[in-house]
Amino acid sequence: MDRHAFDVAHMLAGGLVLVSFMLLYQDRMFALLNVFAVHALVLSASIAWQAYIQGAEHLYVPAAIALLLKAVIIPIALRRIVIRLDIHRSIETVVGVGPTLFAGIALVALSMVVMLKATGASIDPLAREDLAFALSVVLLGLLMMVMRRNAVSQIVGFMSMENGLLLAATGAKGMPLVVEISIAFSVLVAFIVIGVFLFRIRERFDTVDVAALDSFRGERR
Amino acid sequence: MQVGIALWGVAVLLASAGVAALIASHRWARHVGYGLCLGACLGLMLASGHYLVLAPAPQSLHLPVGLPWTGAYFRLDPLAAYFLLVVNLGGAGASLFAIGYGRNEPQPARVLPFYPLFLAAMNLVVLADDAFGFLLAWELMSLASWALVVAHHHDPDNLRAGYIYILMASFGTLALLLAFGVLAASSGGYSFAEMRSASPAAPGLILLLALVGAGSKAGLVPLHVWLPLAHPAAPSHVSALMSGVMTKVAVYGFMRMVFDLNGAPAWWWSVLVITLAGISSLLGVLGALMQHDLKRLLAYHTVENIGIIFLGLGLALAFSAHALPAPAALALSAALFHVFNHSLFKSLLFFGSGAVLGATGERDMERLGGLIGRMPLTAFAFLTGAMAISALPPLNGFVSEWLTLQAILISPQLPSWALKLIVPAAGAMLALSAALAAACFVKAFGVTFLGRPRTAAAAAARETDRASLTAMLAAALLCLMAGVLPGPCLDALAPVVEALTGARMPPQSWLTALSLVPVAESRSSYNGLLVFVFVAAGTLLSIAVVYCVGSRAVRRGPAWDCGFPLVSPLSQYSADSFAQPIRRVFGRVVFQAREHVEMPPPGDARPARLTVTLKDLVWDGLYAPLAAGVVIAAERLNHLQFLTIRQYLSLVFVALVGLLLAVSIWT
Amino acid sequence: MSGLWHKLALEPVTAVLMLPLAAAALLLLLPGYRLGARLNVAMALATFLAALGLLLQRPAVGGYLFVDDLNVVFVVLATFVGFTTSAFSASYIAHELSIGRLSPRYLRFYHAMYQILMFAMNLALLANNIGLMWVAIELATLTTVAMVGIYRTHEALEAAWKYFILGSVGIALALFGTILVYVAARPVVGEGQDAMVWTTLIDQAARFSPELMNVAFIFLMLGYGTKVGLAPLHAWLPDAHAEGPTPISAVLSGLLLNVALYAVLRFKMLLATNPAAIAPGPLMMTMGLISVVFAAFMLFRRRDIKRLFAYSSIEHMGIVTFAFGIGGALANFAGLLHMSMHSLTKSAIFFAVGHIAQAKGTQRLGAIRGLTESHPVLGWGLVLGVVAIAGLPPLGIFMSEFLIVSSTFARAPWLAIVLGLGLLLALGALMLRLSELAFGHPTGSTAPVKASYLPLYAHLALVLVAGLYLPQSLVTWLQSVARLLG
Amino acid sequence: MDVMLALALQGGQMCGVLLLAPLLLGFTRRLKARLLRRRGPPLLQPYRDLLKLVRKQVVLADNASWLFRGAPYVIFAATWVAAALVPTFAIGLTFSWIGDMIAVIALLGTARFLLALAGMDVGTSFGGIGSSREMLFASLAEPAMIMIVFTVALVAGSTQLSFVASFMHDNVSLRVSLGLAVAALAIVALAENARIPVDNPATHLELTMVHEAMVLEYGGRHLAMIELAAALKLLLYVSLVACIFLPWGLAATGSGAAAYAIGAALYLGKLAAGGFFMVLFETSIAKMRVFRVPQFLAAALMLGLLGTLLLFVSRSF
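Listed in order, the protein sequences are those of chains A, B, C and D. Going left to right, the first sequence walks through residues 27 to 247 as our numbering numbers them. Going left to right, the second sequence walks through residues 2 to 668 as our numbering numbers them. Going left to right, the third sequence walks through residues 16 to 501 as our numbering numbers them. Going left to right, the fourth sequence walks through residues 1359 to 1675 as our numbering numbers them.
Hints are computed from structural coordinates only; laboratory data are not their basis. A couple of the hints might just be wrong.
What the hints assert, rightly or not - To list a few chain B residues with every Cβ distance to chain C over 12 Å, as calculated:
#1 Glu140
#2 Leu641
#3 Arg647
Unchecked claim - Computed Cβ-Cβ distance ranges for the label pairs, DEER-style:
#4 Thr456/B x Gln1653/D: 55 to 65 Å
#5 Ile220/A x Ala629/B: 24 to 34 Å
#6 Ala554/B x Pro1399/D: 25 to 35 Å
#7 Arg120/C x Ala31/A: 33 to 43 Å
#8 Thr456/B x Ala1630/D: 48 to 58 Å
#9 Gln108/B x Asp1420/D: 38 to 48 Å
#10 Pro125/A x Arg498/C: 46 to 56 Å
#11 Pro119/C x Ala31/A: 54 to 64 Å
Said to hold, decoys possible - Covered stretches of chain C (in silico footprint by chain B; criterion: 3 or more residues with CB under 8 Å from a CB of chain B, positions within the stretch not fixed):
#12 31–37
#13 429–437
Just so you know, these numbers come straight off a predicted model, no measurement behind them. Cβ coordinates follow ideal geometry from the N, Cα and C atoms, glycine included.
Let the sequences and hints guide you as you build the complete structure.
In structure tokens form, the structure reads like this:
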């Protein structure tokens, strides 16, 4: 695998981390969905590139799924849901964007330290880089879920975390079952989106704001 | 061979539990149920008595039940045989009493099945020879007695008593479990045989844990709070078993762990045991004096008598720690003899209170009175029990107290300074609690049986049935026999004492006319038989002389009333008024007793009101803050149930980041 | 078709998996709910018999499926509790229909989901490929989420949504851990299929890079730990138990927690064989201890009967994790014993609680009193169940707690004391609630409820027998597994 | 032959004790009157009272039970056996070993127990007052007595009265602990016998009486028995003090008739001296308030405990 291939893969993985940071930055709903589409696009590109350099044809399937499902269908579905249920468009954050980004940087540093220390010389440099970036995307996704108040932005955070996982899975050369795992994950994500719609049935909730949901916690009354 | 019979006896008890469960609501159920228990107990008594008399080598038996790789060991050695005798004597008495008393049990289905289970569990504790079997039987004993305590579950106090009881019992079991953990670690196995051979790693820790575990079940002071609540809550024959017999099983547990498994004692152990014993006996009797519920009064007395038993055990530990086997044998014999005596007269007293409860439906002494006229035989039996527990000469209570005092008199030989100060103080506490016990039982017997009936229920009381009476009178006779012929009883104890302290008291029973000489003729001797004979002869002689010389005329008339007729029975001394002087002298310090009198202004027809406030220092000082702490912590942690999903996610997130940091820093 | 039939009959492994799948498909089609319920019970029984077949004839270790001493214990236990729960759910569902909380349309979905859940759990237990195990556990999560939300009340949906989000995050972390294990295995074992096969991994585990395995174990512990319901990750468990139908609570507490813990054990064994890696014990012990103490305190303030026993499940899972954390033959044996006793007892309790909630028409603790008088059989069943779960003899949990606490006291006295006090606290809370529930003047309706008592008392009888006597064959089998766990 | 002599001596002791008791009572009453400048009743007046009471008809309350009628005889018998156990003119009599000091105290405890119960039997408040106060005083006096027994036993090495007397006789030594024991014994004797500072034997004022309140309901032969028991108890305490602290003149076992005669004479002298000092103390002090008595008795208990503690710490005290 010559230098050139490593640089492209490295750039794509780095790009994914950058887009995750952009996700953290957004404070408008529709902008968030667009950035998520970009996030999925970069992921599918990176998977496709991995497929090309590893010569593993079966990786093209998850690349196609990522492109079709996560880049196109889900953002559109979410957009229509947001319009239909007129969920309020602004994203309330818990801490504010500045500190969130700072926390993001700390998380990326942590994942770099953990991953590079963990993967010694025995593992080839590309896989080490991929894992480090994947861990940062996962942690940034989790950070987003923790720092956002409304359900849709949490779901986007979850999906970005899942993209990080797919990046790790494809980065690990020759990992079997990647296709099955990506399919399982997409089923999971589909369920989530449908769940959002189901829970949103008119006579039950007015908004999907997670805080309103909690008032129905059992034993409260 | 006897251990086999003993196990068959336990099997019969377990079977009768099953049978009783099936036929509980049937008319003859209680006769069959309690009859089976009576038979089984008598059988077990014969087996253990036979063993004690022969005193062969310890017999053990192994069953593949219990812990998978160690199985269940059962052993009959002199200590186990003696306690088996005590347990089953109490069990037989209670079963005989229950045959009669059972008829006024509102819900037999809740009492009948658990009673044989309770007896079987107690027997198993005494027979068990491995840690798992011992603890299983111990906790099963607590569980069965908890079920009996909450048998009358319509009364919320019983439920509260049951709850506090099962909580304290489990705390005790946890302590024992940790003690067995240490013993098993040093000996590599859970069977007592292995534990006996290996010397334990931390004997001091084991003693503390055994003291907490067995002490909480027996009712030593800081751990006694459940006893006055739980024992009265159970039906009377079960209260008799719990107070008379279960506390003895707790003493057995303590002796088995400390004397048998724990190797040579250190000197400071006895300091701890004797201090706790002294405080228990004093606080127990003072608590009893403040009560006006008959069964709670008796339960508090159990705490006092357990204090006396543990005083004997403490002295035995002190002597054997300083390699003085002969005095240790004397102290241990005193303690074991008091175990036997207490199980007798405490059961008798609870039978009496049960008979009173059955006849009048009342436990509160303020609503009884004048029962001696209507229930003469119960009154006589209760009087014998009262005199025995107050350590009055012809009866057995005095003999064991006398032996304990003799043991205290020998203890100046102990070199350690702490003991030189604590033992006389403990002796003073023992004497004080014996005298206060006499005062308490004058109150109990006087207010309940003597004087004029204070309520209609007391006036309409009728004598109890024959079975209860036979049980009571048999126990009273045994109390007299043990008081009059202590020699043979102490010789029966000798093998037990020799097994544990390596020495035995000089043989008693063939001395001149059965007198008791614990150490030497010149030192002290007491002859129960002749004292009884001389007192009886004196009485008969005086009756005869007065009968011949004096007049025999009798005239009935109203009692002396100083001029104004006392119609209302309430003008008699009640339980509170009887205890008022003693409360004023002792209670102000021990219970923060305060009396507050509200006199209505002149001309106002409202009655004056005297309110007495007592505070239980142990409960307020130790248990109330503990419970409050748990409630506050539960309250604060409860907020975690009502967090938002995001906050739960942040918990996960923090856990993940924390662990990643830990890994990256440390490895 | 005959080949499949032949395979099905002779190959118990395929039977254990194929039967639930076939049942699920069949149940989806059957309109009548009574027939569905009976079929559900029949298929669960068939699966259980097939699992028993596994005991006799162990198949060869396949790439995707394998059977060894460890997972046979779990499969037999899972199928047995699955069978008894299906028997219980038959009578439970009948009552739910009669009061209109469930409509027949949902029942077909419910029975199908039940069988799919059985399939997913059996697959997770038998999977040799760690990726396949991940997929199976994720499928089990999805089915339980669907079933928790089946009542469609506000609380049920909220509980289902929370379970779904937390479950998904947990699954994602577990996947990352699995990927890390693959990455660590690849240089030693070689690429492709066999780097995910557990049997090959366990042989080579000593030569994996220890640092990577540490990080992997953290992700796996937090991922699958969420499914086990350990303390910081437990949030979904109480509401999922309380709001879903009771058979599901029984299955959740009885089986799903065990399956997740089984997955954690599999990876703990990998780590244990690698000397350089950090010992997995301390992490499991800390999480176990936190769970025990935390759940014990939470028991005091509960107002819903099923949520009370859900927290008790968290506590017992904490005990089991603590036992496996300590390691050594004795503690592992006690852990395995405790896990099986807990799933039997807790499912028995949920059987009783299910019928009690139906009889009294409410799940609020304050509204239920005097059960031993109004519904004697149920009341005494609950008493026996709570006494067992509190760890009082002569029932089975006492033996395992005896072994755990006494064996740890010698090695780590302070931990044993904290564990003991946690157990005592839990006992205090449970007995406080029990004395209110079972005794006192009965409140609410005292009408007898049509209930199946057989599963309840079958479980309690098993636990009682296990408390007193464990057959020697079972003991040697558990001891060999205990040694296996390291 | 000597068995008959020994039995005769033991019989002599028991009868002597019985006969001398009313005499001591008469002597103290007459001496007290003399000290108060009154002539006082004749010396043998108590005998005449007892005979009168025995011959009178007994008036029983309506609800008096068998306990009320039987108690006086048992009380008398117990006190009589206790009094007989304390050596008067000779030590080592045939039945002296059947009970030691603790047995004597316990026998008195039995008598008091039955008397308190008999007091409460009729159900009037007088009986209640008497029994309640009696048991309060007893709950402090009895432990004080046991502490005194401890002190004496630790010094003499035995609790058997005969051995204590012979030990005290042989090695006379003034010890601090024995001094404390005497003081404590004096206080307890006054309390037990209901003498002046604790309870006034002469008055019938309800508020002050303790012993009298219990026996208020008794009359005729029952009252005679109880009065005799009270006299025996007084004699017991005086002979106890004499036996332990003034052991001179006690005839050893098997010595000649002369020794017994000297012993008897010295015993009478001791009785007179004991009675004199008691009366002297009584007339010189006023009766205490009821709730001052527990502190008075607590002092006795503390003295006894201090004595025992000193002896526990080192043998020389």
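Open item on the list: Quick check on a hinted range of 33 to 43 Å for Arg120/C and Ala31/A, using CB atoms only.
Closed with: violated, 55 Å
TODO: Go check the region 31–37 of chain C versus chain B for me, would you? Three or more residues, Cβ under 8 Å, otherwise it fails.
DONE: violated (count 0)
Task: Verdict for Pro125/A, Arg498/C (Cβ pair) under range 46 to 56 Å - done: Given range 46 to 56 Å: holds, Cβ gap about 51 Å.
- [ ] Classify the label on Leu641/B as holds or violated, using whether its beta-carbon is more than 12 Å from each beta-carbon of chain C.
- [x] Answer for Leu641/B: violated, closest chain C Cβ roughly 7 Å.
TODO: Could you let me know if the closest chain C CB is still more than 12 Å away from the CB of Glu140/B?
DONE: violated, 5 Å
TODO: Indicate whether the distance between the beta carbons of Pro119/C and Ala31/A respects the range 54 to 64 Å.
DONE: holds, 59 Å
Task: Asp1420/D and Gln108/B - C-beta distance against the hinted 38 to 48 Å - done: holds, 41 Å
Task: Pro1399/D and Ala554/B - C-beta distance against the hinted 25 to 35 Å - done: holds, 27 Å
TODO: Could you say whether the range 55 to 65 Å given as a hint is met by the Cβ separation of Thr456/B and Gln1653/D?
DONE: violated, 38 Å
Open item on the list: Given the hint of 48 to 58 Å, is the C-beta distance from Thr456/B to Ala1630/D inside that range or not?
Closed with: Holds, since Thr456/B and Ala1630/D (Cβ atoms, about 55 Å apart) stay within the stated range.
Task: Cβ separation of Ile220/A and Ala629/B, checked against the hinted range 24 to 34 Å - done: 49 Å Cβ-Cβ, so the 24 to 34 Å window is violated.
TODO: May I ask you to check that Arg647/B keeps its beta-carbon over 12 Å from the closest beta-carbon of chain C?
DONE: At about 9 Å from chain C, Arg647/B fails to clear the 12 Å cut-off, so the statement is violated.
Violated hints, in rising order: 1, 2, 3, 4, 5, 7, 12; the structure is consistent with all others.
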